[in-house]
Amino acid sequence: MTGHSHRPPRGGVNAGSGWVLRVALPIVATLSILGPLAWLWQDSRVPAAYSVMEMGYLDYGAGTVPDPGGGHAGHMQGQMQGHQMAPPRLVTDMVADPARPADVRVDLVTRQQMLSLGGRSIAGFTVNGASPGPQIRARQGQLVEVHLRNESVADGVTLHWHGVDVPNAMDGVAGVTQDAVPVGGEFTYRFVADQPGTYWYHSHQVSNPQVAGGLLGSLVVTPKSGIAQQVDVSAVAHTYAGGANHQRQGRGSPSAGGARAAGPGPDH
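Offset between the sequence shown (1-based) and the numbering used here: plus 45.
One or more hints might be untrue.
[To be verified] Here are the computed lysine to aspartate or glutamate pairs in the EDC-like style, where the Cα-Cα straight-line distance is at most 20 Å:
#1 Lys269 - Asp239
#2 Lys269 - Glu190
#3 Lys269 - Asp148
#4 Lys269 - Asp210
[To be verified] Quick list of simulated restraints, FRET-style, between CB atoms:
#5 Trp84 - His207: 38 to 44 Å
#6 Val278 - Ser89: 43 to 49 Å
#7 Thr233 - Leu82: 49 to 55 Å
#8 Arg134 - His207: 21 to 27 Å
Quick caveat, the hints were computed from the structure, so don't treat them as lab data.
We put the CB at the ideal spot given by N, CA and C, even for glycine.
When you get a sec, could you build the whole thing from the sequences and use the hints?
Spelled out as structure tokens, the structure:
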């Protein structure tokens, strides 16, 4: 038949192209943003397994020395390219002079118990029945010996001497320089207080909840020459479960304030 013509449907190719662009462009734009972010995230992840002994390089003070052992294994063989190597030492052997008598001796007992604070009871931790724990005082150059006993802290305890240079075995980093002290366990810390200043000690085993719960105390090291001021007072401020609490301690005087155990329990 004549007189009939075939026309494309309205919108035809142009409508289809517009729909594709409306759908495809947002997808492409989203992938262009998320793709690099996903790659950067994946690339930044810590590998499932790694060895710190294979990281870095051996530096003997005169530049990099090749390691024929394929890692730090060759470092432990005693000699390398004319360098006399010291024999390996265990972390537990890095201690203060064991023959030297202590100048300051302190016994600390840690407990997991309820604390009475501002008329309410909160779950926390105590050192010798109080939180913050007792202040430890020493004079510069004295050897401090702290005997720790964990009476009831379920996750174990270690003590870290924050800001104080101590022998590696006395640093209190659980799983690295010592094992955590379990319930019923004991550990003795010994170090020379060479740095005058005001410091603090705190738990380094599950440290976030234990420190937040009050397992901490202060350490004061006075200089050999003494101090000039007539009044020597240190103050420890800590926040328990959203409520501020302060402990004020003066030289030679008992502490005032601080959280106390809500239940019975003798101090040691």
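Hints, verified against the model:
Our distance criterion of 20 Å between C-alpha atoms is met by Lys269 and Asp239, whose separation comes to about 10 Å. Distance restraint check for Lys269 and Glu190: the Cα-Cα separation of roughly 19 Å lies within the 20 Å cut-off, and the hinted pair is therefore satisfied. A C-alpha spacing of about 14 Å is found between Lys269 and Asp148, which places the hinted pair at or below 20 Å, so the restraint holds. About 17 Å separates the Cα atoms of Lys269 and Asp210, which keeps this hinted pair within 20 Å; it holds.
Distance hint for Trp84 and His207: a CB-CB separation of about 39 Å, consistent with the stated range 38 to 44 Å. Val278 and Ser89 have their C-beta atoms about 47 Å apart, which keeps the hinted 43 to 49 Å range intact. Range check, Thr233 to Leu82: about 51 Å between beta-carbon atoms, so the 49 to 55 Å window is met. Against the hinted window of 21 to 27 Å, the Cβ-Cβ separation of Arg134 and His207 comes to about 25 Å, which satisfies the hint.
Violated hints: none; the structure is consistent with every hint.
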